[in-house]
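**Q** Listed below, chain by chain, are the residues.
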Amino acid sequence: MSKLLIGKLSDIDIRGSRTVRVKETEIALFRLEDGSVLAIENRCPHKGGLLSEGMVCGTVVHCPLHDWKIDLHSGLVKDPDDGCVTTFATEIDPENGAIYVTL
Amino acid sequence: MTVPKKLVLIGNGMAGVRAIEHLLKLAPDTYEITIFGAEPHPNYNRIMLSTVLAGSTELKDIIINDWDWYKDNNITLHTNQAIKKIDTQRKVVITESGMEASYDEVVIATGSKPFMLPIPGADKEGVIAFRDIQDCEKMFSAAKSYKKATVIGAGLLGLEAARGLLNLGMEVTVIHKHPYIMERQLDEAASLMLRKELESQGMKFLLSKHSASITGRGRVKELQFTDGSHLATDLIVMAVGIRPNVDLAKSSGIDYNNGILVDDFMNTNIPHVSALGECVEHRGVAYGLVAPLYEQGAVLAKRLAGVETAGYAGSVTSTKLKVSGVDVFSAGRFVETEGSRALRIQDDMAGTYKKIVIRNGKLIGAVLFGDTADGASLFASIKSGESIEGREKELLLGISSDLLGKSGGSASRLENMPDDEIVCGCNGVTKGAIGDAVLNKGCNTFGELKACTKASASCGGCKADVEGLLHFYAGDAVGESAKEGICGCTSLSRDEIVEQIQSMRLMTVKEVMHVLDWNNKEGCSKCRPSLNYYLGMLFPEDYVDEKESRFTNERYHANIQKDGTYSVVPRIYGGVTTPADLIKIASVAEKFNVPLVKFTGGQRLDLFGVKKEDLPKMWEELEMASGHAYGKTLRTVKTCVGNTFCRFGTQDAMAMGIKMEKAFERLNAPAKFKLAVSGCPRNCAEATIKDLGVVAIDGAWEIHVGGNAGVKVRACDLLTTVKTEEEVMEWTSAYLQYYRETGQWNERTAHWIDRVGLDTVKKALEKQEDRLALVERVQKALSVTTDPWKEIVDNDELRKNFEPIAGPLPV
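Heads up: the protein sequence lines correspond to chains A and B, in order.
Each residue of the first sequence is one higher than the last, beginning at 1 in the UniProt record's numbering.
Each residue of the second sequence is one higher than the last, beginning at 1 in the UniProt record's numbering.
If you're looking for bench data, these hints aren't it; they were derived computationally from the structure.
Certain hints may be false.
Taking CB as the label site, the calculated pair distances span [to be verified]: (1) N519(B) x V22(A): 53 to 59 Å; (2) Q346(B) x C84(A): 54 to 60 Å; (3) K762(B) x E33(A): 43 to 49 Å; (4) E394(B) x E33(A): 44 to 50 Å; (5) E33(A) x R799(B): 39 to 45 Å; (6) S503(B) x D79(A): 33 to 39 Å; (7) E33(A) x L718(B): 46 to 52 Å; (8) E95(A) x V544(B): 45 to 51 Å; (9) D79(A) x A27(B): 53 to 59 Å.
Everything numeric in this text was worked out from a predicted model, so none of it was measured.
In this text, a Cβ means the ideal position worked out from N, Cα and C, and glycines have one as well.
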């Protein structure tokens, strides 16, 4: 387990997303309306769609390829489909807005 | 209470009495009704006469309205009373025996008369028609003392008579002047099959024979033909056709041609005198089948009851041959003519034949032989005029009940479908999965089933099958479909939402979802883009587009591909380019190692396999406008070369197309839309399958709308023809804006036009003042658009979203 400094809050638009690559893993970072940042592996378990490109409704991202819905907190795929995506713990430094991800 | 008016019905047959039945339901006490019938019977089912003759039914079984019915409904019935004349001045009817009855309204329903060939000897004993109970009785008695029967005419009626006479034990020969039988109801293939079948039953045929005279002393002895040959016979049944009975019209000064002339409301030319049934001629057609007569009856009853009716517009008819032990069915225009195509399947082993005739994607006719189980559904399809495109083979083969071993069409097809067969091709949903959802997961509405399995959630092409399976598995437990909102987050429809947004002036997607009480306050990938569109459409100048509520493609202004790369399509107005632009596109493609360059169906160049971070860089180097190949907006205006080079071209199609593309690029719409301009009716730009297509003709432009070449091909409907380029722009602007204002998000014009109706669209655009108001609104919407590529290229804040965050640092 290692904690990485990814960037700062202003790198991601509110209700927007960015990606970051850590070795072999591409991570999608979402900045939600409430100010939190959530991180999941950027790969839909269905056909490998890039989740970073999807539309976010609340805490659910819709995969751009076939509209699978994945909960950003748990990584679980919502009904009627099945599956899960790896999630990563995030932290935000309230002082300087730095974003940390642990993986 | 007012005194009831006097209604007299002349003719106690099926058409007239049916109209009375209808009238009694609509306006029970409005009329005092009197019926005159020439026959001694109450109303009986003439169609069933052949079954009486065939011996399978008795006379009493074919009575439709018995004596009590007349009594119970206070109807005065005079049987054996033919009417000689209507005195339309005094408003009385006069019977042959001199009886009179006055009327306020009179209805003529005297039916038809059999046509007797006017050949020498036609008045001899033993020469009869096949029309009423009396004729049947004559045949019964002839069969007791004679052996040889001849039927002239191998139409529906003739064959039924022949079959009946066979049943009565007579030797039967059928004479027909055409080379094949029932030529008015069957095509040649089915006719041959029928003849073989009937011959195997013992019927003999003499075809292409013309009767010349009937000889015999007193009673018929021989039938002579024009070719000099002759046939010995004891009975001749003439079944060469029927003629509308216009005797009363003749004697009473009512206009008639072949039949008594009536308008769409069954009025004759004389006030208070109506007519219906086989005696009338409506729009040049006299019908001899029962369904049209009933349709006419319904119209007449409504008019007499003072109920609003759209009138009678004529009927599409179908024929089903009864008795002969063979099932034959035909309907509509079943003989191919220019412009129609036929699909047919013939199985000589099973003795079945099926042919369907299609014109412009619609079923217009059908012939069935041997198995007529599909007749009703085919006939319904013909009458509805629905598009059957994509289902042609299914209609021909798929629901053939003999192949499935059970009758009942699609229900049995679904029943016999294996569990692992995929019903929804888009989402790979099998029949088994649908069954599981209904039986084990409690889905009992289409909406639940769709949400649970995704069946029919994408293109919707399988909806009918999914609904069919829902009924198959759930049976009576199928629930009332909850009112379907635009998505699962709300029960409100598109129109309700748009109206509320407008009246409350709601200004953001979030506000709409809260104020209109979305049950899921975050919305979903369906309602959010919808609301974003509706808000932008309603308030083009004030609404701030929410890119978070747009799909990936519209957020990144490129088409995402399955591997996460994007494609880039620069705008090439009208598909007309220059060497300089081509060189630029080629060099950008090389520089960014674009793996695939392809021409699109809309005459554009598509650069595939572009990494997201390269998008803004490529746009910057291209210095071309976005081709919007990704958005719910104008995609392309396809053009042919027009009169610039083409020897057939009548107008400058390229210039027109370029003008349109420049005018409407970037215009948001409910769904993507594609335009095209062809320079002549050869239509090389395929304009008639576009959302709007312009086809130049000499001196004018035709504007076609609502076409689509997607999942289901839909050819355009002609909206209008105009003279000038300015008018083309005016009509196109108005049409597009009307679509923008009334379309559902994600609804292509083809579906939209089918939903709202072409007439509605035409009506909305017919007045110039209405068009100009629409033009003004679309101009407003267009005035606030900018090129998205340029916007992103020039703005680092927007550009950053295309880049990954630079390498992470360990802490």
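**Q** Now, for every hint given, state plainly whether the structure supports it.
**A** Cross-check of the supplied hints:
1. About 39 Å separates the C-beta atoms of N519(B) and V22(A), a value inconsistent with the hinted range of 53 to 59 Å.
2. Between Q346(B) and C84(A) the beta carbons are some 56 Å apart, a value that agrees with the proposed interval 54 to 60 Å.
3. A hinted range of 43 to 49 Å for the beta carbons of K762(B) and E33(A) is consistent with their spacing of about 46 Å.
4. For E394(B) and E33(A), the hinted distance range of 44 to 50 Å is satisfied, since their beta carbons lie about 48 Å from each other.
5. Between E33(A) and R799(B), the C-beta spacing of about 23 Å breaks the proposed range 39 to 45 Å.
6. Between S503(B) and D79(A) the C-beta distance comes to about 36 Å, which sits within the given range of 33 to 39 Å.
7. For the pair E33(A) and L718(B), the beta carbons lie near 49 Å from each other, so the given range of 46 to 52 Å is met.
8. Between E95(A) and V544(B) the Cβ separation comes to about 32 Å, which falls outside the hinted range of 45 to 51 Å.
9. For D79(A) and A27(B), the hinted distance range of 53 to 59 Å is satisfied, since their beta carbons lie about 56 Å from each other.
When the structure is compared with the earlier hints, violations turn up for hints 1, 5, 8 and for no others.
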